[in-house]
Every structure is written in C-alpha cells, then in structure tokens.
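Asker: In our numbering, the protein residues as written are 1 to 417.
Rather than coming from a laboratory, the hints here were simulated on the basis of the structure. One thing to keep in mind: the hints can contain errors.
[As the list claims (entries may be wrong)] Ranges between beta-carbon positions, derived for each pair: (1) T121 <-> L279: 52 to 58 Å; (2) R108 <-> D130: 53 to 59 Å; (3) Q20 <-> E285: 22 to 28 Å; (4) N136 <-> G312: 29 to 35 Å.
[What the hints assert, rightly or not] Using 27 Å as the maximum straight-line C-alpha spacing, the simulated DSSO-like pairs for lysine-lysine come out as follows: (5) K415 <-> K403; (6) K289 <-> K271; (7) K308 <-> K409; (8) K325 <-> K408; (9) K409 <-> K271.
Glycine included, every Cβ here is placed at the ideal spot set by N, Cα and C.
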Amino acid sequence: MTSPRSNFLKAVVERGYLHQCTDMDALDDSMGKGTISAYIGFDATADSLHAGSLVPIMLLRLLQKSGHKPIVLMGGGTTRVGDPSGKDESRQLLTEEKIEENLAGIKRVFSKFLTFGDGPTDAVMVNNADWLMGLNYIDFLRDYGRHFSVNRMLGFESVKMRLEREQPLSFLEFNYMILQAYDFMELSRRNGCVLQMGGSDQWGNIVNGIDLTRRVDEKQLFGLTVPLLTTASGAKMGKTAGGAVWLNEDKLPSYDYWQYWRNTEDADVGKFLRLFTELPIEEIERLEKLEGAEINEAKKVLAHEATKLCHGEEAALRAAETAQKTFEQGAFGGDLPSIEIDRGELEGGIGLLDALTRAGLTATNGEARRFVQQSAVKVNDEKVDDPRAQLNTAMLNAEGIIKLSVGKKKHALVKLT
RNA sequence: GGUGGGAUGCCCGAGUGGCUAAAGGGGGCGGACUGUAAAUCCGCUGGCUAUGCCUACGUUGGUUCGAAUCCAACUCCCACCA
Numbered sequence: 001m002t003s004p005r006s007n008f009l010k011a012v013v014e015r016g017y018l019h020q021c022t023d024m025d026a027l028d029d030s031m032g033k034g035t036i037s038a039y040i041g042f043d044a045t046a047d048s049l050h051a052g053s054l055v056p057i058m059l060l061r062l063l064q065k066s067g068h069k070p071i072v073l074m075g076g077g078t079t080r081v082g083d084p085s086g087k088d089e090s091r092q093l094l095t096e097e098k099i100e101e102n103l104a105g106i107k108r109v110f111s112k113f114l115t116f117g118d119g120p121t122d123a124v125m126v127n128n129a130d131w132l133m134g135l136n137y138i139d140f141l142r143d144y145g146r147h148f149s150v151n152r153m154l155g156f157e158s159v160k161m162r163l164e165r166e167q168p169l170s171f172l173e174f175n176y177m178i179l180q181a182y183d184f185m186e187l188s189r190r191n192g193c194v195l196q197m198g199g200s201d202q203w204g205n206i207v208n209g210i211d212l213t214r215r216v217d218e219k220q221l222f223g224l225t226v227p228l229l230t231t232a233s234g235a236k237m238g239k240t241a242g243g244a245v246w247l248n249e250d251k252l253p254s255y256d257y258w259q260y261w262r263n264t265e266d267a268d269v270g271k272f273l274r275l276f277t278e279l280p281i282e283e284i285e286r287l288e289k290l291e292g293a294e295i296n297e298a299k300k301v302l303a304h305e306a307t308k309l310c311h312g313e314e315a316a317l318r319a320a321e322t323a324q325k326t327f328e329q330g331a332f333g334g335d336l337p338s339i340e341i342d343r344g345e346l347e348g349g350i351g352l353l354d355a356l357t358r359a360g361l362t363a364t365n366g367e368a369r370r371f372v373q374q375s376a377v378k379v380n381d382e383k384v385d386d387p388r389a390q391l392n393t394a395m396l397n398a399e400g401i402i403k404l405s406v407g408k409k410k411h412a413l414v415k416l417t
C-alpha cells in the first residue's frame, strides 16, 4: 500500500485511527476526486455515549474537517435486535420507549462534535428504524436473504466465538449482521454513502454490507475500521471509579471528564493526544517525549483539549483551575461538586457520615464509615477518624464553606443555603 | 415431548442441615510508595437510627429447634434423545 494522498486518509494513518481498510488505494482515489459520504452506526443502548465511542466520533469529525460528509446512523431499528459482536451473552432487549429516549440523549452528544445541516459537507443523522421497521419478511428473504451464505456467516468471528464457547446465539441476533449489511446498502442508495467505518469488531458486519451491495446493485463500497482501545494496562476505555465516562454533561460533570483524561496512564498519553485532540502532530511528538513528572504537563494538555471538544473551552478552563487549586495548592476550586445545607441544620450539627453520603462522596453510610476507619476522610484537609464526628458552624471557613475529601482525589464542598 | 444437568454476592466460582453476610479469584475502592501515572505491597468490599437488628444464595410453599444446604411445585437456561 502506498501512502495515502487524501487529507482524510493521511490523517487517519498518521494519528492511529486505522485498523483495517477494505481497499485503501481505491478509497484514496475516490476521496481525492471529491466529496464522499461515510457513515458510522451507533447503538441506542444507553441515553448517552461514553468515552468508548469517542474514537468513532472523532473519526467522523476528522472526516468532516477533511471536506467530506459524515452520516450518523442511529440504530433505532437494529437496537431492537442486539448486536452479538464482541459479547458472550445476548443482551437484554430494550423497550421501544427506552430506545426512543436513548436516541434523544445521544443526539445531544453529536451536536458538540459535528456541524449538522443541509450543506454538502454538513453532517446528517438518520435512523435505521425508518427503513427496517417496514420490511416485509418474505420479500426481504427473497430479495436479499438469498445473497447471504449461512456457511460463510458461521465463519465470522462474532458468530464463531459464540459457537465455540457454546454460548447461546439466538436466531434474532444471528440476523443482526444481515440487517446491518442492509443498512449500508440502503444508505448507499438513499444518501450516496460509499464508506462505512466502525470499531474493529464491526469488520464482519461491514464486509457483509459491501458484499451485499456489490451483488445487488453492482456498486463498489468501502469499509474502514478503527482499533478497539484499551488502556496500556489492559483496562477497557471509558470506565472509571463512578462507572462509565459519559459524554453528556448531565451524566458526568465536565470537571470529572477533565479528571478522567488528566489521570491517563503515562504509556497512553501520545496515543490519546493523537486520537482525542486536534493538536498538530509535531506538537504531540514534543509532548509525548516529556519524561518523569514532566509528562503531567502533557496530560493537562490532553485533558484540556479533550474537554474543550466535548464541553467547550470555558468548562475546560474551569476544570483546570479547580484541579490546580485542589491538587497543587491544597485549596479548593468552585468546580468541585457541592451540596447546600441550611444554617439551622448545621448549627444543630450534622453527622460526618451523613454529610459524606449527602455530598455524593460515598454511596452509603456504611461505606462512609469504612472510609473514616481507614483514615481516608478529611474535613478541611484535616484527617478525621472518628465516625461519630459532627460537622458544625465552627468548621466553616472565611467563605462559609466546609471542604470534605475522601481519598486523594474525591472532594466536595458543603455550602450554606 | 422424554431424560439428565444447572440457577450463589458487581462478575467468575466454592459450599450439600448449625462454626455462613457465605471460601477463593477477578474487578472496584482505600492506604503506603510516587508524579492526581504504572508496577508493587497492605487493607476494605450487603444495609441500618449498630456491642444489636434487617436483607441476601432463581420463585413460592413445606420439613426442622435451626436451611444456600432436605422436600414439593413453578420459572428460566443448558446438554443429549425424539
């Protein structure tokens, strides 16, 4: 493969987005000739996307910046079936109302990363429920079912894995790849889409769509996959203490989002800067060369750039300021989570355990008790190891705030109403 | 439809009448060490108005002083046979 000439593919290779591509040279040619449309499909299994979906999202953004048209395919129809790829067990089927609700939440995420509209390179969002729900079973089987070889489908990784491990695979799920293949063909017909991208676990599904369209419409389509990311120490991307790293502000405050990137493992910094920021490569090469404690500077840049894309520059600066005050000056910043308490209530004294739980630092009083006993709890940066301790007005600082901490990283503020 | 096997805490998985809030592992969290990193070591890991109480071993009943453990019915899953 010669090195690509189109802006998009050049960047894809350079920044580490490429895992596999069906026909790099031919795709490069088409992209050089003019604007193309490409799509990525997203499940509607939750009401927000999380950091695990960020690579494909960034890929669509890069596509748009390179002068092409991104199509976001919402799996309103296929989510009703459930993708078996990469999963041991069938997924719980979601109700229709829940799926609709999830679609609405996910739409808000994309508006941050892509420009939607009617222009030639404006992004569009489509929902495969629009064409899948109306399919007639017998017609579908006769028109398209005959192009799928079961023999071949059994060889696909997603299916093979289930069969080898003797995990049940229902006929419903077995049909997922057929529906996704049909999606690709449908999008090529409706929107002139010629490229489907996705995670490396989608390779089989993508290739199926290309094959189907070649057989039925005699059209050449392309597929390109991105690597499925794990951190250098093997953990799945996008998981953290409190659960998933959501991209919607209402599910994960921008301060916590910033912290997630700030805590990136050393070995991942360069990779993440390439994938999740839009800094020039030369700048990234400079940053990833930093060693020892200096690499923290690179992590701050990563946190800033990533947060800026998702939540805006202002939120990123706010998070950085709070982090600086909290971690580097031993004070606290206004972006920390906070709870408000009535003065009268505080005068009467509030149990420490109760306060920790109300502030969201602990899930239950029992957990709070354990933390206190493990001397992990601080009030105004003073260690407290008596579970019966009370908060009172004497603890308020000059600004009328009490700072609570659990461990080194979790902090919250108690303010008066 | 028949026969056999299974369902345990976030996950995997021991446990076959009291010593079981349930071994062990994973994951997660806290502490030490550091650089808000990794690795390593130590500890914690059902809830509560807390020397006690409540909830929990698929569901519902039963036997027993006492059940995750025994019995019955039911639900779901798996395997083999038809």
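Asker: Does each hint fit the structure? Answer for all of them.
Answerer: Verification of the supplied hints:
1. Between T121 and L279 the CB atoms are about 22 Å apart, so this pair departs from the stated range of 52 to 58 Å.
2. Distance hint check for R108 and D130: the Cβ-Cβ separation is about 20 Å, which falls outside the suggested range of 53 to 59 Å.
3. Q20 and E285 have their C-beta atoms about 25 Å apart, which keeps the hinted 22 to 28 Å range intact.
4. For N136 and G312, the Cβ-Cβ distance of about 46 Å falls outside the hinted range of 29 to 35 Å, so the restraint is violated.
5. A distance of roughly 9 Å separates the Cα atoms of K415 and K403; the hinted pair therefore holds under the 27 Å criterion.
6. Taking the CA atoms of K289 and K271, the gap is about 12 Å. The hint holds against a cut of 27 Å.
7. Pair hint K308 plus K409 holds up; C-alpha atoms about 22 Å apart against a cutoff of 27 Å.
8. Distance check on the hinted pair: K325 and K408 sit about 14 Å apart at the alpha-carbon level, within 27 Å; holds.
9. A threshold of 27 Å between alpha carbons decides the hint, and for K409 with K271 the separation of about 25 Å falls inside it, so the pair holds.
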